[in-house]
Structures are given as structure tokens and as C-alpha cells.
Amino acid sequence: MSVPGRNASRIPLRHLSIRVPWHDAGWDGTVCRSPRENASCLALNRIGSAKNEVQEMEYAGRNLDELSPREAPPCFSERVNFLSPRAQRRMAHHAYSDTSEHHKHIVDTAFTHPAFSAAATPFGWLLKERAWGKEWRKGKIESQSIVERYGIEAHPEHEPDEPEWLEERPWIQGHKNQKALLDAFFGALEPRRSLVFAYAKRTPLIDDDQWMIIGVGQVTSVGDLQEWDYELPDHSGLRSYLWERSVGHSIRPGGENGVLLPYHDLLNRCDNDPALDPTDCIAFVPNEYRGEFSYASEHVATGTAITALLSVKTALSNYSERFGGDWTRQLKWIDQRLGELWTLRGPYPGLGSVLCAAGVEYGYQLAHYCWDKAGENGDPWSVLAALANDPTELPADLYAQIIGFAETWNYFASDRGAQRLAFAKLLARLDITADQAARWWDQSARNHARLTLGGEEITDAAVLKNPYLLYECDRLQPGPIAFQTADQGIFPEKTIASAYPLPAPSAMTGPVDGRRLRAATAAILEKAAGDGHTLLSREEIIAKVRDLNLSPTLPATDDQYEIHRDRLSPVLIPCTLENGKPAYQLDRLVVTREVIASTVRKRVKQGKRLVVEIDWRAELDRIFKDIPAAKGSLEDRGRTEKAAALQELAAARFAVLIGAAGTGKTTLLRSLCSAAPIKQRGVLLLAPTGKARVRLQQATGIEARTLAQFLRPLRYREATQTYHVVGDLERNATYKTVIVDEASMLTEEQLGALLDALSGVDRIILVGDPSQLPPIGAGRPFVDIVKLLRPENLPANKPRVGPGYAELTIGSRQKGASRQDLELAELFSGRPSGPASDEIISKLSGGDCGPHLRICPWSSPSQLAAMLPAVIAEELGIDSEDQEKSFALKALGGTESNGSVYFNFWSSGPAADRWQVLSPIKGDAAGTLILNRLIQQGFRRETRKRAEREDRRFAKVAAPMGSDGIIYGDKVINLGNHRRKWVYPDPDRNGNEPLRYVANGEIGIVTGPFKKKGTKISLDQLKVTLSSQAGFEYTYWPSDLDEDGRLLELAYALTVHKAQGSEFDIVFVVLPNPCRILSRELIYTALTRQNSRLVVFCQGEAHKLLDFRHQSDTARRLTNLFEAPEPVQVGHRTYDNKHIHRSRRGELMISKSEVIIANELSTAGIVYEYERPFVGMDGTRRYPDFTIEDADTGITWYWEHLGMLGDAEYDQKWVAKQAWYRTNGILHESEGGGPNGTLVTTTELEGIDYAQIARLIRKIKEGD
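Heads up: the sequence shown at position 712 corresponds to 712 in UniProt numbering, and the numbers run straight through without jumps.
Among the hints, a few may not be true.
[Stated by the list, open to error] Straight-line C-alpha distance at most 27 angstroms; calculated DSS-like pairs for lysine-lysine:
#1 179 x 138
#2 1012 x 981
#3 1213 x 631
The set of hints was computed from the structure by calculation and includes no laboratory data.
Only a predicted model underlies this, so the values are computations on that prediction, with no experimental measurement involved.
Just need the whole structure built from these sequences, with the hints factored in.
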């Protein structure tokens, strides 16, 4: 496991991860060629907070070391030159030398980057809490801290006494401690034996937060520890060391002794083919191992290195298979390194963690001694047994450890403890952490951690019988044991397996042992659940199992699943697809499905109707008595519709209320909740997000809660942010009416946990818009429930109501009868949009489309960068003469006093909801990372300069924090649900208590700290007032803005996903095209966040967005909540055929009626084009449902299906469209047609009219 004499500390040989920023020219030691377009590098704090795009554009392509320290980009210190073929010299600058009297003697120091090296900086090892534990200030050094784990001579008493503020800083400052920790860290690396993995947190290849491995090679050298230079070599002041050391490596472009993945070539291919999915050619850092790829540079355990290297091998093999190239040398190099890694790993890599779990305080140090004594691939357990009998050879500190462990060992060595010893040895075969070993160590620990299998306790015997339980039952724990970790322990390399065979009953029968097959399938289904699926077909599972990075591979087949059918439960439950083919589902999702399905069906089909004696129309007339509602008017029809909906919601025991934006769902809920018979029996209002909670509360006047707040701690676990069905425990029977708003955001596990938590409820109402984005997580329960309850035929011009179903379709008078912004959104709703869609399409060429909609086309990133700030200023009424102050006052809720602007917790928070920029992506020129910088630099440039330049001794506000450089007055968003105890005031002047809880997605304004003259206020924090909790400000610390656990980001621009559940007065939507992740739900959600005005920045011709009307994220999910799915392949995508409309020719269509017509045309042999654009004489476009060119007659037929004819608004729009057709020489068939074509129409006043379709087909085909 280790090499004696390599380092003084007791650390086994380790590998190294180095974080690098994305570079558009291959990390060659130069400035990016297009710095302004590189958004990916902004994910790193040091780059995001200091990057100067204007200056970098000036030096684009220049060698980094040719620039002065002031000119050099911040990426120079972030290892962006790790593939530079020439040595480079950089001047390092101490963080405190400019602002601290005690550090001013530390001067800039030259740091040399040898060719092909990385300046590795182990920030994590220099955190006081990691080095000594969280209780170090109380004089307690934790046994699992770094120094205690590895026996490093670094102690708190070596920290400097002055200046006093250093004690509060999180970083190690004592030079002796720095030296000890840095020497220990780098001492664990051995040239030619240790590997180095270069990884990036963000690249332009994918727009999510998955980290990817850039390259891997061998460590070739480790530079010396370097002390800072000082003004005077002989001085009595503080001493300090540079934390980075140059680590040479063997990674080369096209080299033989390492692998550099061809991501730049892959990116070029994606740019040329927007439909190309690069995912399988990317080597991702597994989420379970992120801790070893953190803090810029970190140790990587050998087991993790094996997993990472297998990921690289798979990605490279896939790339070679898809795009060609000779990668033989690199693949051979990987195989050679894998063999070496297995030897380094040894048979019992988890021994240190197991000894700690067994009560040995310095278990890692004792394990290290045993590994060294046993030698390469030796048995450390025999060494441990000998030491327990005769510990005299041990050093004094370990001698005390083994003496204390002797009784435990004697028990293990006895017949009575034989099973415990077998269990300990099995656990030690896995490269697990101390926390993982601790929760598995014995029955009490497992019960405390709620580790169960099928609801039953897990015994040692059960784990020995099936070692894969260590993965299967740990999946939902914080820091879970990964499947690959378990698999490596159970299937080690052949040499180890031969020397240390897995004994019965743990021994496997072969690579396709049923226990392994079940665990691998569970891992596949867990990944699928994260992607939204609640089941997968066996066929797809087999393909994915074969692609797993495993050694040996797992050659799953249909036969193997049949052979091991009885061993798959209780973790996996068999189910079927619509065609009867086998599929599988995770056990907990089966439980969740049964809870939801049985509750809905029982309440809707069997539930006794509730009696509420209220004339809802009269009630609505009373509430809105000041608003005219003449018979037949929009207001009158809206009230009639709402009254019918209220009648159903009040009577049904389970119901859904759906409706597009602006149809008055919240108005209806307010009426329902205020009705005395309902209000008096208790109403519980819930929402998935904090913003949605506040909106619901404001709309109804009743206190609302987030789902997490209501379900914690039993059914919502904050440590993992997961929801659970637990059965008949602590159910809530307080409320008789339960309403959940924004229900389209609910996963099956969220909804199942909620229904599981309720008891004695009269009515459950889910409210939302099924056209919005599906939830982040497994399932789409709201959409499935709506599909189940929606009546088959809904007549036009009548309320859309059925048992358990109420739909609102009529826009509210307050929002306007004609809202072109909402008409544009309706194009992407997945619902038939009718003639109004053509009218709005005709206006997409650009410009102001009325009081609610504006279209701003753009073609290049530079054009967008110039246009966006100008349009924002115009729309918000920003004074161009004093833009920065005006923006602070009008856009950020600032208050002016004596010529300065201040942000106050009692008044500024609500400003965060006044306006919002949205984008579908984070990276790229149109992503939120660049847009946030663009807005902050455009409107807050001078404010930020002052925060950056101020002498901190005289500063009034905090310095810019995090990668976004957040400053006083900025608009920000909170990430993740969590409780926060640092809140002010507590209580407020009216006695109101703060929630002390912040939900994911809540936005606000940074309102502090602000240091007034003569006051002593710490400026090492940010205080944020949330729009949803106005009047209170929450404190965020620098650690809350770390890259590896960020809780706060700039929020001038948000992704559409983060904005779901929120509303803003004015919304600016930036839509890049092409964009791989665009879908109709994403566009629809983006276009429905505004209350009053929508401004769309569309790349290219806006009408091309219509291509995304048929690309549905929701329909791509496979679920079986009420019926088996029917997966079909359409192009490169798989959809559930039951959630799409597809013609016989394979075209995706908007409505079932269109499919019927298309299929009848195909049957008749008539060639048609679906939604072919027709450009009129005025240059505007219309999209007939079907266009048929008859070469025999020379007639072009334009077929329009009028599915909602009879609705007053629909009829009005159709009249207008007919007039446009007439103007363009297209007349109805009843008039004999026109010079430019003949118009034919079909209707479905009482369902689809097949006779009408047949008549028109005969007319077209035969001329009848």
C-alpha cells in the first residue's frame, strides 16, 4: 500500500486531482483566443471575481508569462497552463500583504511553472476545521481530523497570536503548520507511481454542473516547498509558505504516457451539429467521489483512481467508435495503469476506516503501519493479529492504540466473535470512508442511520450473505457508498482475488452473480430516476449495464434476469411496458406509485362527494361587485367558468385545477379558501419552492409552507434533501383541505410523501399548469394525474369540468383579454392553440408587439452584449445621465440619502421581484454566468470598483465575494433548502419571528453589512434580504460562497429551471438558437414568468423557435403511475407514445385530431406537408395544418382543423385568419377556391367528424 521512507507522516500512496479552468486553445500557456466567449472558466471563484474580459481580449493568444502581473489573467494562477510546452514564470501575491500591517513585509514572489506541470494547491488541507476538526477552538482535536488521522505535526499552538483577526480566518496561518501539512500532502505522491487527474467543473460541452476529467497521466516530479520572499531576509515578522507546488505530469496532446481527452474536437463537432449528444464521449467525475476532486488539488484514493480511469477509458472508446482516430496507445496505457492501480489498492483498502469504527482512535495510522509491515499485497490482518498479541515493536502512540484494541481483537478471534471478524474483513475490502464504516459497523449504528432492507433490520449475516447490500442500502445516505466501490471490493484484480478469495457465503458465482446483477440494475435505475424516469425496460437496462465502467464487465442478458428473477426483490420490482416487454422499478418508487395511484383512484372513483352549500357564481359576483360582468362578456364567461370549477373543487375529495398563466387560478383559490365551510375546518397551503409559497400566501391571505417544511424531519431529510414514504407514523390530521400550488414541480416521491403524511383530509387539490417544465427528479405525477382525470370530450364554449378535474381557459380581465405575450407562450403549451397562434407568429420578426410583448432579435454574442443592457435600461426607465444610481434606486430597491444609495432590510427585498432576466443555459455567451457579469459590470461598475479598491481598514462594505463577485446591493439567489440561525431582527418590532429557514430559489438583495462611521461591524460576510421574507436579513459567510458548496449566486439572470414557481413584473428572456436543451416546456415556462411585460431576445429568426413545439421533456419520461408506458423512438429521442401525438408517418403533431386527419390522408394516398409555412403578400407567415399540392389539377389545398370552433374568442380569431387568407388569394372550397389555393376546414363540435374528413378527402382526390 505504501513505500516506507517516502514521507514521515503515515499516509498511504495517493494520486492527485488538479482543477483546471476551461481554455479554448488547449491549456497551452496562452490567453484564450476568445476570452469574452469563455463562460465556463467563470465557475471558479478566483477567475469569476477577477476576470477582465476587455483586457484579456487585448492580449488574446499571448503567452501568459509575457504579461505583467497586473495584465496577467487570473486563470494563470488556476493551472490554465498545465499543458504549456515551455516553462513559465508567475509572480505570486500574498492575499494579506496589501491590507495587513503584519503582512506588508511579504513581497511578490516568483513561482516557476516547469513545462507540462500544474501548480497544485491543496486548499482543503489548509482549512483549520479539516486539519483539526470543528471543535479545535475548544482545545479538542478530532480523531478523524487530517493531522490525527495521518500523524502530522501541526498544532493550533503554532498559529500566530497577532493580528487577532487571523484566528477567525478559516485558513492555517502558522508557517510550521503550513510546512507540516504541505509536506505531508505532497509526500504522499510518488513520481511514476502516482497518477494525476486534470478535471474541470464546467465546460461548453454540456450545460450542467457535472465535473469532467480533462486528462490523466503520471506524476513525473514534485517541486520543492517555497517560502514567500520578504522585504528583508532577516526579519522578526510572520513567516509563510506558498501553498502551491509544481507537479510535473506525463499528459501530452497525442502522447503515449497519458490521455488528453479530445474535447475541443468534440466541441467543434457539436457546434457543427447541434443535435449531437456528446455525453457518452465525456469522462465524468462520479458524484460519489467529488470529495476527492475538490479544493483545487486533493488526494485521490487508489480505488477512486480505478473508477476514474475506467471512466476515461469508456469515454475514449466511445469517441473512437463514433468518430474514429487511432487511440490504441492511449487505451493500452490505461490498461497498464489499471493493473498497477489494483496492486497499489491492495486487498483491504478500508482497514483504516474499519479500525476507526471499531473504536481505534488513530485507526488510519495503525492501518498504515499494518500495510507497510505486510508489504505489497500482503495481509494486514495477520499483522494486526500479531500486534494485538505482541505490540512491543510499535511506536508509543500506536502502542497505546493497540493495547486499547486488544480486548476487541480477542473477541473477534474467538468463536463467539468469528462472524464479527468476517464482517470487519468484508467491510475492509471496500475503500470506504470513516463515516461510511461507522454507520455500518454494528446493528445499533445501522439502526441509527435507518439502514434497512425491505423495512427490515440488516444483520451482519445478511451483509455477509450479500455484500452488495453495502451499496443497495446505503444509496440514500449522505455520502453514500458507490456501487463501483462495492464492486471493486467484491471483484478485485485477479492477483488479489486469487490470494484473498472472498469466502462463503459472500463468494460470487461469477461476473453475472444475481447479487451483482441486482445491485448494478439498482445503480442504473437510480441514475434513471435522477433523469426523471421511474422505470426502465429490461432491454435498456441491459444496454446500460454493459456500458458500466466495471472490471470484470457484467455481461447481462435476458436469460440472466430470468435465472435470477427470485433474487431481484425486494430492491427491484418487475413491471411491464405497454407491449408486455419486461421492465424494472426501484422498490421505493413502487411504494410511492401505489400510495399516489390508490389515493387518487379511491378518492375520485369511490369517494363520497362533499356537500358545500354555496352558490359560487353569486359568491364571485359579491367578491367582484365593482367589476362589470355584462352577459356574454369576458368577465361573465370567466366567472361562469370559475364557479363551475369551484363547485367541483369543493365537492371532490381529490381534484386538479389547471390553467395557463393569466386564467385566474390564484383568484379562484382565494375564493375557495375564504369560504366559511372550508376555512373553518382548516386549510393547509403548500408549495414546492419558497417563492411559490410566498405567492400562494399573498394570494390567499393564509399562511403557506414549503413541502419540505411541512414534511421534515420524518418524511423530508435535510441531510440528503430527499422525500420518503414511511407509513403509518406521525400523520397530520389537523387540516381538512390541503392545496398544493405549482404541482407540476412535484416528483412522485414528493407527492407520495405528502399523501403518506396526511390523515382525515376532506379534499386534496393540486394546482398548476401541466405545460410547464417537469420536476427535477423522478416522475411527472401532476401530468399523469391530469391525463387520468381529464374528460375524453370537452365541448367548446362550456366550462371544462369533470369528476376531480377543473380547467380554466379564460384570461382574467385584470391581466387583459388580449395578451400577446401569453398567446406567444401558448404556442409552446402542447395544447392546440388555434388561429391566434398564426397572428402572433406574424409579429415575431421583431419590435414592440404591444403593451405586453417585445421581440429583440440578435445574431452574435457581441450584439446581445450591447443590446441587453440598453433594453433593460429602457424598459426599467433607467436615467442614462446617472445610470448607476438610477439602476440602484429603480431596479434594486435602494434608498437615496445625502446623494448616496443605501439598501435596507425593511424596504429593499421586494425589488428582487420587479424584473428578471432568464436564459435556458448557464454557460456560453447567452448563459446566466456571462449575463450576470454583463449586467453587474454595466450597471454597478463603479460600486464594484469601490468595493475592490477600498483599503479594508476604512472600508464601508464587504469586498466582492464568490466567483460572481457579489457586492452590497446586488440581486442574489439562495441555492438549496436549509435552516439558517443567523438572521436579524429576531423578532422584528412587531414581534414577528423569522422563519430561520431559506428555501431553494428564493431571491433577494444584499442589504449589508454597511459600516457607518464610528461603528464596529465585521465586513467578512453578506447580509441578504429575501423578497419572500421582507423585513429580515440572513447572514451568509464566505464559506457559503465556496465553489464546492455554494449557497449564494448573482441573480440578475437566472436559468429558467431556477425561476419556475416564481413571477416577476417584467421578464427578459434570452433564447439562443441552436440550443441542445431547448424544449417546448422550457420555452413555455420562460414565457409565462411575467405579470405585465415580456421581452424576448431571440437569436436568429424568431419563427424558428416553432421547431421546438414538438420536442417535449415531459413526454420523454417513462413512468407507470396509472398505466404502462409505451416507449417509441422519434429521431434521436425516445418518447412515451401515450404522451405524444404521432402520425403514421412518424411526425409529431399537436393534437390527436391532427393525427387522425394525417393518417386518413396517408391511407388515401394523398401526399401532404404538415404546418408548412405560407408567406403572405405582407411578408407575414401562417401555418396551415396541412398543405396538399395536387399536380393533376394544379390546385393547392390548405386544410385547417378548427378544434375549438364555438368558443367566442376562437371564432373571432378564425374570422381574422380567414380574412388574411382571402387577401392572399385563398378562398374556401364552398366559394370554389381562390387563385392561390383552396381552403378546407374540419371541426369537432361534438367529437371528431370522420364523415366530414372522408368527404374532403374524396373532394381532393377525386374532385367530387
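Now the hints, each set against the structure:
Proximity of residue 179 to residue 138 is assessed by CA-CA distance (about 24 angstroms); at most 27 angstroms being required, the pair is judged to hold. Between residue 1012 and residue 981, the direct Cα distance comes to roughly 25 angstroms. Compliance with the 27 angstroms bound is thereby established for this hinted pair. A distance of roughly 21 angstroms separates the Cα atoms of residue 1213 and residue 631; the hinted pair therefore holds under the 27 angstroms criterion.
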